[in-house]
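Keeping their order, the protein sequence lines are chains A and B. Taking numbering that gives the first Met the number 0, I'd label the letters of the first sequence as residues 0 to 303. Taking numbering that gives the first Met the number 0, I'd label the letters of the second sequence as residues 0 to 367.
Do not take every clue at face value.
[What the hints assert, rightly or not] Selected chain B positions facing chain A (in silico; Cβ < 8 Å):
1) Phe85
2) Val106
3) Ser110
These are calculated hints, taken from the structure and not from any lab test. We put the beta carbon where it would ideally sit given N, CA and C, even for glycine.
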Amino acid sequence: MSLARVSDVVATSVSARRSRAIAPTSGRRPWTFYVLAILFTLYLLALYGPMACIYILSLQDLRGGLVFPIKGLSLHWFVDLFTQVRTGDVQGSFERSFKLALVVTVLTVVVSFLAGLGFRKRFAGDTVVFYMMIGSLVAPGLVLGIGVGLIFNAVGIDASLFTSALGAQLSWTLPFGVLVMFAVMSRFDHAWEEAARDLGASPWQTIRLVVIPVLAPGIVAVALFGFTLSYDEFARTLQTAGSLNTLPLEIWSMTLNITSPALYALGTVTTIVSFLVIGASLGTIAFMQKRREARAPGQQGGAA
Amino acid sequence: MNLGKGHIEIAGVAKSYDGFTYAVHGVNLKIPDGAYCCILGPSGCGKTTILRMVAGHEDPTVGEILIGGENVVGLPPVERRTAMMFQSYALFPHLTVRDNIAFALRVRGLSKTERYAKTDAMIEKVRMTEFSDRLPAQLSGGQQQRVALARAAITEPRVLLLDEPLSALDEHLRIRMRAELRRMQRELGITFVHVTHTQLEAIALADMVVVMENGKIKQSGPAREIYAAPKDRYVAEFLGGQNVLSGKVGKINGTRAMIASPEIAGIQIPMHAGARLEAGQAIDIAVRRDDVELFREDTALSDQDMASVPATILGIEYQGNFVKVMLDAAGEAEFVAYVPERRFFENPFKVGDSVLAAWLIDRAHLLA
Numbered sequence: 000m001s002l003a004r005v006s007d008v009v010a011t012s013v014s015a016r017r018s019r020a021i022a023p024t025s026g027r028r029p030w031t032f033y034v035l036a037i038l039f040t041l042y043l044l045a046l047y048g049p050m051a052c053i054y055i056l057s058l059q060d061l062r063g064g065l066v067f068p069i070k071g072l073s074l075h076w077f078v079d080l081f082t083q084v085r086t087g088d089v090q091g092s093f094e095r096s097f098k099l100a101l102v103v104t105v106l107t108v109v110v111s112f113l114a115g116l117g118f119r120k121r122f123a124g125d126t127v128v129f130y131m132m133i134g135s136l137v138a139p140g141l142v143l144g145i146g147v148g149l150i151f152n153a154v155g156i157d158a159s160l161f162t163s164a165l166g167a168q169l170s171w172t173l174p175f176g177v178l179v180m181f182a183v184m185s186r187f188d189h190a191w192e193e194a195a196r197d198l199g200a201s202p203w204q205t206i207r208l209v210v211i212p213v214l215a216p217g218i219v220a221v222a223l224f225g226f227t228l229s230y231d232e233f234a235r236t237l238q239t240a241g242s243l244n245t246l247p248l249e250i251w252s253m254t255l256n257i258t259s260p261a262l263y264a265l266g267t268v269t270t271i272v273s274f275l276v277i278g279a280s281l282g283t284i285a286f287m288q289k290r291r292e293a294r295a296p297g298q299q300g301g302a303a
Numbered sequence: 000m001n002l003g004k005g006h007i008e009i010a011g012v013a014k015s016y017d018g019f020t021y022a023v024h025g026v027n028l029k030i031p032d033g034a035y036c037c038i039l040g041p042s043g044c045g046k047t048t049i050l051r052m053v054a055g056h057e058d059p060t061v062g063e064i065l066i067g068g069e070n071v072v073g074l075p076p077v078e079r080r081t082a083m084m085f086q087s088y089a090l091f092p093h094l095t096v097r098d099n100i101a102f103a104l105r106v107r108g109l110s111k112t113e114r115y116a117k118t119d120a121m122i123e124k125v126r127m128t129e130f131s132d133r134l135p136a137q138l139s140g141g142q143q144q145r146v147a148l149a150r151a152a153i154t155e156p157r158v159l160l161l162d163e164p165l166s167a168l169d170e171h172l173r174i175r176m177r178a179e180l181r182r183m184q185r186e187l188g189i190t191f192v193h194v195t196h197t198q199l200e201a202i203a204l205a206d207m208v209v210v211m212e213n214g215k216i217k218q219s220g221p222a223r224e225i226y227a228a229p230k231d232r233y234v235a236e237f238l239g240g241q242n243v244l245s246g247k248v249g250k251i252n253g254t255r256a257m258i259a260s261p262e263i264a265g266i267q268i269p270m271h272a273g274a275r276l277e278a279g280q281a282i283d284i285a286v287r288r289d290d291v292e293l294f295r296e297d298t299a300l301s302d303q304d305m306a307s308v309p310a311t312i313l314g315i316e317y318q319g320n321f322v323k324v325m326l327d328a329a330g331e332a333e334f335v336a337y338v339p340e341r342r343f344f345e346n347p348f349k350v351g352d353s354v355l356a357a358w359l360i361d362r363a364h365l366l367a
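Next up, chain A with everything else stripped away, as it sits in the complex (with noise of 0.2 Å):
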C-alpha cells in the first residue's frame, strides 16, 4: 500500500470514529448542543460586546456624542484624534509607552529564560525565592506603585518612567513570565540535553542549539506577555512613572476633560496596536512551525 493510501485510510478511519462520537444518531444534532451554542455566544457577546461599543461609537461623525445611538459614519474623530493638540499628548504618550514595553519585554525574557533554567534542578531557597515572586505578582498593583514612589521620594530620586515605573511594571511581569516559562520548560525533556552533552557540545552550544531553539515559541510567547502587560499597565505606573504619562494614563486623564468621541477614536487606535503585536507574536510561532515543516517535507507516518 503506498504512502498516500495509508493514510488516507487513516484519515477517513479517524473521521468516521469522529463524527460517531458527536452524533451517535444519524447526523441530528442533540438539543445540548442548541443549548451549548446559545450560552456561547452569550459568553462572546459578554467578553466583546463593551469593547464593541467603543469601536462603533468611534466611528461617528461632527454630531457624535459620548452615548448611543449613533449619529452618522465617518473617520472624523480619527483625524481628529492626530490633529487636534488639545486631545491630550497621544502620539507622545504612545511612543513612551512602546518604548517601556519593549525594555520590559526584553528584560522579562531574560529573566524569565535564565529562572527557567535555574529552576530545573532544586537549589537552597529554591521555594523562598518561588513564594516571593508569587507575591509580587498577588500585591495590590496601586498600593505597591504608591510604595515605590513613596520610596523613590524619600530617596530624593524624581521618579520616572526608565527608573520607577520600569521596577514597578517589572513587578508585575516577572513573576508571569517566569510562571509562563515555567509552563513551558515542563515540556522540555532533560535528555536532549543530555543528548547534545553525549555529542560534545559545550553547555553554550548546548544552550544555543537544542535549548532556545526548543523553547523558542515559548520565549515567544513570554515576550508577548511582557509587552502587552507593560502596555496595559495602569495601578502600578500611576504613581511612578513621574511627570510623563504613558498611553494609559494618558487616556486616563483624556477621560477625566475630554467629551468627545475622540477618546473612542483612541481607545479603538490602541486597541489595533494591541492585536498587531498579539498577531505578529503568533504569526512569528506560526513562521517558526512552518519554517520547520518546509524544511521537512513529506506527510505523517509511513512504513518502519
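For chain A, the structure is supplied; the task is to place chain B on it using the hints.
Just chain B now, with coordinates in the frame of chain A:
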C-alpha cells in the same frame, strides 16, 4: 596489556546519590572489545546507573572505569569516545533527521558541506535516505530508533551504550529492530552495552549477558550459559524457562543424592564432579521447562534415570510450536512444562487432570 580499544573494565564501582543508600555496589565487570553485552535486571536494579557511569553522565562514588585500558572517570563522553542512545531516543525535535545526525559534527565545527557528506553516508547505512528531511515527530518509532542509532554512531565511538532501546516500540517492531541493532553492531564492529529488563531480548542479542539484582551483579557470561546453567534461584527465575524446586538433601548415594523434603520426597538429583553436598543441607534445583515430560498419574515409570513428582494441571496455553502446561506441583508457586505441540495433541490433557511430571535426573541443575 594488549586490550582492544573498546574493552571495558569496571572495577570495584559503587554509586550512591545520597551518601547512605547505594544504587550499585561492588560491581566488577569486564566486557571484551567488540562484544554485544546486555545488562539485564528489573527496574531499579542499578543497570541504567552502570550504563550512565560508563557513558560519563554520572561519576562513580568509588571505583574505576577503564575503557581500552585507560581510566575514564571524570572525562566527558567525547573524550571517552563513547556514545549513548537514550531510552526515548532524545532526538532534537526542531532538527530534521539529517541535522539531528549531523549535530555532533556541527558542534565540532565542521562546515555544512563536510558534515552533510559524512551524515548522508550514515543515513544511507541506517536506510533512512528518503526520510532525511523529516522531523522526528514525522517518523515512526522504528525510524526514530534508526536515527538515534545513526546520531550516536556518527561520532565513531569505540563503545555504544543503549538504554532500553527497544522499550518504546511495539512487540512486532521490537523483534525487527533488535535484529537491526545486531546488524549495526556487526557492521560498526564496536562494543555495544545494552540495558534491558526483557530476558528474551538479552539472550537473543548478547554475546555476554549480565544479570543484576539490587545494585549487584548476580551472574555474567554467555547467553546460553546464563539461560541453561543459572547460578542461583534469582537468575533462574528471572531468565525464565526453568522450574526451581527447593528441598533438603537426604541420603547421598554415589553420584546421586536423594531429596528428603516432604513435598518432593524421593526425588534424586545429580551430583556433578566438584559438587559437595551434605545430608540435611537446603538446596535449590532447576529443571528446564522443556525437559519436563507429563504422564498420566497411573503410569508406572520404569526408567531409573527419571525423577517425577505428582501434579495437577492448573492451566493449558497453546503457544503454537509447543503447549505450556501450568502445574500445581512440588509446593512451588510456579511449575510449568513445555510440551511439544505434536506430542501434546497425541494424547491431550485437560485442566484438572492429575499427572506425573517427570524429567531425566541428569538434566536437573543444582543451584547455589
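Verification of the supplied hints:
1. Phe85: Hint holds; B/Phe85 Cβ to chain A Cβ min 5 Å, cut 8 Å.
2. Val106: Holds - the Cβ of B/Val106 comes within 8 Å of chain A, reaching about 4 Å at its closest.
3. Ser110: violated, 16 Å
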